[in-house]
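Chain A is fixed; fit chain B onto it per the hints.
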Amino acid sequence: GAGVSQSPSNKVTEKGKDVELRCDPISGHTALYWYRQSLGQGLEFLIYFQGNSAPDKSGLPSDRFSAERTGGSVSTLTIQRTQQEDSAVYLCASSLGLGGTQYFGPGTRLLVL
Amino acid sequence: AQKVTQAQTEISVVEKEDVTLDCVYETRDTTYYLFWYKQPPSGELVFLIRRNSFDEQNEISGRYSWNFQKSTSSFNFTITASQVVDSAVYFCALIKGNTGKLIFGQGTTLQVKP
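Residue numbers (the working numbering), protein chains in the order written: chain A, 1 to 113; chain B, 1 to 114.
If we strip away everything but chain A, and leave its shape as in the complex, we get (with noise of 0.2 Å):
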């Protein structure tokens, strides 16, 4: 079946614009997850979101960054007034339940000029 897609694949923008970025998890998969790879902080979580429970946002770095899932499916990453900082690969992952094996899709390259 189809794995996880997120769009764009890549993205470059100014600093101080605002950016959304999607994410297309496992058909039947209740659990969606956003990570960052930057080269200087590698693998970091963001924030997961787990059925219709409160999504755990404690790995978001700044109240700039933000994130929902609608109807338990797609999910978007949405970054305010980005930053040269911002600048990284945003992975999403999703699992048939929280715990389980995480599946990730192809990222998101973002670019903050």
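If you are wondering where the hints come from, they were derived from the structure by calculation, not from laboratory data. A couple of the hints might just be wrong.
Here are the in silico distance ranges between beta carbons for each label pair [said to hold, decoys possible]:
(1) B/PRO114 <-> A/ASP18: 40 to 50 Å
(2) B/SER71 <-> A/ARG81: 46 to 56 Å
(3) B/ASN58 <-> A/LYS17: 42 to 52 Å
Using N, Cα and C, we set each Cβ at its ideal position, and we do this for glycine too.
For chain B alone, coordinates are given in the frame of chain A:
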């Protein structure tokens, strides 16, 4: 606090050599899961294996094998008869019980030369 350490930043071997990637973890939880992921040059993280804290049996899958030892908090990964296609960054990761946060090591870059 939970932590995963992959002390080997880069490893270079010649094709057909065996290679072991080390992973040491720290956790106070009794229930946890350990993972290995592969990230080839294309960038996508590919799941390789998941083990729970109650199962210390070693596992073999083709040329890949994993050695899980709770006594030393290690979960090492061995590739037998390495191939050029094994060149990638390999990440070891830990997750606590039924939470959603994967804690990743810094990764080991493996280069297999022909």
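Against the structure, the hints:
1. B/PRO114 <-> A/ASP18: 40 to 50 Å: Holds: the Cβ-Cβ distance is about 46 Å, inside 40 to 50 Å.
2. B/SER71 <-> A/ARG81: 46 to 56 Å: The hinted range 46 to 56 Å holds for B/SER71 and A/ARG81, with Cβ atoms some 49 Å apart.
3. B/ASN58 <-> A/LYS17: 42 to 52 Å: Holds - the Cβ-Cβ distance for B/ASN58 and A/LYS17, about 50 Å, lies within 42 to 52 Å.
The structure meets every hint from the earlier list without exception.
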